[in-house]
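> Protein chains in written order, with the numbering used here: chain A, 1 to 281; chain B, 282 to 601.
Just so you know, not all the hints are guaranteed correct.
Claimed, not checked - Computed cross-link-like contacts, SDA-like style, restricted to lysine to any residue with a CA-CA straight-line distance of at most 20 Å: (1) 222/A x 9/A; (2) 115/A x 306/B; (3) 220/A x 403/B; (4) 169/A x 273/A; (5) 220/A x 273/A; (6) 498/B x 488/B; (7) 169/A x 593/B; (8) 498/B x 401/B; (9) 115/A x 498/B; (10) 115/A x 307/B; (11) 220/A x 136/A; (12) 220/A x 405/B.
Think of the hints as simulated: they come from the structure by calculation, not from any bench. Small disclaimer: the values here were computed from a predicted structure and weren't measured.
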Amino acid sequence: MFELIVSSIPLAIVASIPLLLAVEGELVVQRGGIINLGIEGMMLAAAMSAAFAAQASGSVVIGFIGGIAGALTIAAIFGVFTVVLRADQIVTGTAVNLLALGGTSFVYQEVQAFKQQIPQLRTDPILPLAWILIPVALGVILWNTSFGLRLRACGEHPEALAATGRSVKTHRWIALAIEAILVGLGGAYLSLALSNGFAENMTAGRGFIALSIVIFGRWKMKGALLGTAIFGLAAAMQYALQAANRGIPYHLLLAVPYLVTLLILCGVAGRVRAPENLGVR
Amino acid sequence: MRRLAVAVLAAAAAVLLLAFSGALFGHSPWSLLSILASGSIGSRFALEGTLLKSIPLLLTGLSVVIAFRAGVWNIGGEGQFIVGGLAAIVAAPWGVLPSLAAAMLAGAAWASIASAMRLWRNAPEVLTTILLNFTAIHLLGWSVNGPLRERAGQYPQTDLAESALPLMGRLHIGIFIAIATSVVAWWLLYHTAEGLRLRATGFNPNAARWAGISVGKQIVRAMAISGAAAGLAGGIELLGVTHRLFERFAAGYGYSGIAVALLAQLHPLGSIASAAFFGALVSGAGELQRTANISSGVATFGQAVVILTLIVFDHVRADR
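Just chain B, with the same shape it has in the complex (with noise of 0.2 Å):
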């Protein structure tokens, strides 16, 4: 209960705090508010939009806990997302399913460059994941421009990918399978033999390491079950929302599943909420660029006071 209080306060002062921030700069904070109200849950439309944002923000958030609680440090969400849409895309003629299994294998494959790294040459994970981060993001830079770049030629971009997920009206089938994935890793993590090791490992290697559990490997696998995660959440946004890839595909998506999953305090299930949270400031916050002309940035900005606010009450656990 306790928990769960800390984490509604710590999504109020980010709101709050944004506002009073605008304030500073010359905005009124009741309207600032309010457009992020109407952006965000006011209307059908902005619903809609708050629950497309929330779908890689929950797969991406997902793909934070399951590392985190193993005590590896993936921070290569973005990268992760990244290749998941790339995959995804050069599967699609394949059909759906395909698409989406190549967009895991991706994000998992790519996360598994950090692990071996760490296992192998004792590199550090924090780090070699964010420059996989801006690896992936000039290897999309390159794809667009190069060999997937559209027919036509006009854009850097490519052309519309030859499937895409069933459309609810704007909606889209990824949202089932994002809530899915979110009981699958909650079973994972509390109801397997696997869960229990990787949570061991992350809570104490040592322990974990006396008790018999290979910590070496569970790491890799833990890693890879993350990197899955994030691709997963790539290939649903190529098949769901954007149908193509671009420069800015990945918008930031595999940062923000940090904030996700410390808001939900590292709970896969607690993750549902605290991705529709993050899509209502996401969503909210581009209502704030079209709009008062003021930068969309200003999510990035509440995501790091969320997670601030929650060290503040010292419920941040990424234990190693």
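This is chain A alone, in the form it adopts within the complex (with noise of 0.2 Å):
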């Protein structure tokens, strides 16, 4: 078992960074008191619009780009309905996952640069970016500058920040941009990283696990750093098991990472406390 365990910390790390990414840019909108349950939508269209600007360019940077433009365009639709109409934002989120799933399996069907030839990725960047730099700026950013205290006021108590004089729209707005950079690097990460290309609904509720791992780490980057590596270690070590081939039924092991995922959401002992005003219109 412990074998097992160590020899899945490398898949772990490398496979759960699109999650990672996800979880980061997750906290930073709902620290805002944005629940963006679209972020499944928005990571879907990131790593399609990565797939077709890395293949029609042929270049990996370009897919990047591509990704990090289609997460934003994802994210100016919910902005646009939850920031500036106030509308339900669960609602929102799911009609934005509608749009994301339909669309590009849509597009996806019409567009034939998707059968050209994928760029390799032949240095890892992201990675260290994920793990390391990102969590660390963004910590900094929430914690120790006054964007950050002026953000996480948008979550808690909008009014005061509202009686500074302040737009909480303008912060909501950059909360979602930077979530939408990051989704889209993970999206990106997901089709022309770990795999071969865009396909059909290829994100699997990665964004609903996101979501949930952020519940999980009680609004704390550590803590969303901690959820991520348990449940990466765990959805590796299902592919461990797998080539092991203890005779668990291949199609159990594939429920896993939902299990887990249900667990550590029941794991959230006693009552936490979300940012006061997270999801209210």
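Using the hints, build the complex out of the two chains.
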């Protein structure tokens, strides 16, 4: 068992990068008072636009930029409805997920570029970025800068921020943009580094798992990293178990990530305190 | 009257935006619209197809109506639909009624996992229901590859169910069950004390608590009823249409129920018209896939546009 865990660590670190970036992005928006259930669709759209940009241009870098552009588009739609129109965030998020799911499967069938060769990622700058640089930077921004304080005020008590003459909407838009950049990178990493191009519904619930990990991590950066690590390890062990062929049916192993996430959500002992104004219109 | 106008407008917006999106990729919007129309209402065969799709949509839509009215975010229709189908095929040897009862029980039980987690561990049902969807999909995958696999062992699917709903041409009597269910849901919501408590809980849980309603128990019951409706949808789809299970059995009906419920403004009887519209959209999209090689995912896209258009008119109310 111990061996199994140790041997799964390298895979866990790499394979959970898209999830980790999504967790970090979702942490930022939730601190600003927004639940983005549409993060699943955001990552799916990013995975597709990244694959398209990379395959059409032959450049991985342009692919990653394309991924960010796709995620920003979804963030713009989500923001118009939740920040500007103040629509219900869960309903909007659900709609955005359907939009991305239907939209990507439509575009995937229409565009010829997806049949072209996918450029290979030679070095992996995203790994240290996702596991070290971004968490440190976001930690500093959220808890050691006045912008971070103001953003957290949007999540706890937006009236207080409004009373200082600052715009809650602007702060939430910035948070959404940060999330989109991170999720865009994550989606691009999924289709360009972890897989060989786009596939329909390839995010397979990573966005929802990210939301669960943010809650498990109690809206803290350390908790978010720990949650992703636990989850990533459990998900990677699934492959090791499969390879070890211990007679556990393959399809039941596929359910493991979701069961682990359910347990993670239930493991939130006692009452966790969410940002006071989270999800309020 | 205004709410009806808004709903019609949202539906029209979805269809027009579909045609426009098609035009962006070089399809003629007119031929696209005419294929949609002929594939959904253009012939007796198309109409039957539309009605067949409307049946599960109406039931998953009602499932969402009940949950959202109680202020419970049941996004788990897909999973409840699947376990409904699983229970139905297992119970099929005992006949249609036991099979459908098993489907409802299974759907209710699956949904209750989420409400139990909410009550005991404070886990938000909006996430647990979604995670249970993925779990159910893999449970189904395991079942049709393992214990329930057809005896011939050739494909990952079950043998034909040992009972079936009575047929009327291509249609089956599930359509009456679905319509009856919406009348029952309407009666439950607006003409019983249970319905009043349920709506009060959704409208303002704090006020409901002060009025002496046990909000926790109310949520558990609403979730169970909601899950039963989605489970029934799965059971009826199995006994009336597919007659066997395979990995893609649910085909998004659970998620589509959200669009059905919102277009119906969370009204059980309005859901009948709403389900018919989305049934036509799904049916027409299938025709687009067959004749014009356009992804049937456009139906999902259309559902999203309907919801977003409704929001623009600020009529989406899923208060909690």
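> Does residue 403/B lie within 20 Å of residue 220/A when you go C-alpha to C-alpha?
18 Å, holds
> Does the structure keep residue 498/B and residue 488/B at a Cα separation of 20 Å or less?
15 Å, holds
> Is the Cα-Cα distance between residue 498/B and residue 401/B 20 Å or less?
12 Å, holds
> Do the alpha carbons of residue 115/A and residue 306/B lie within 20 Å of each other, as the hint requires?
17 Å, holds
> Does the alpha-carbon distance linking residue 222/A and residue 9/A stay inside the 20 Å limit?
With Cα atoms ~19 Å apart, residue 222/A and residue 9/A stay inside 20 Å; holds.
> Would you check the hint for residue 220/A and residue 136/A, treating anything up to 20 Å between C-alpha atoms as holding?
12 Å, holds
> Would you check the hint for residue 115/A and residue 498/B, treating anything up to 20 Å between C-alpha atoms as holding?
53 Å, violated
> Regarding the pair residue 220/A and residue 273/A, is the alpha-carbon distance no greater than 20 Å?
11 Å, holds
> Take a quick look at whether residue 115/A and residue 307/B sit within 20 Å of each other, Cα to Cα.
19 Å, holds
> Below or equal to 20 Å on CA atoms is what counts here, so check residue 220/A against residue 405/B.
18 Å, holds
> Given the hint that residue 169/A pairs with residue 273/A, test it: the Cα-Cα distance must not exceed 20 Å.
23 Å, violated
> Please verify whether residue 169/A and residue 593/B have alpha carbons no more than 20 Å apart.
18 Å, holds
Comparing the model with each earlier hint shows violations of hints 4 and 9; every other hint is respected.
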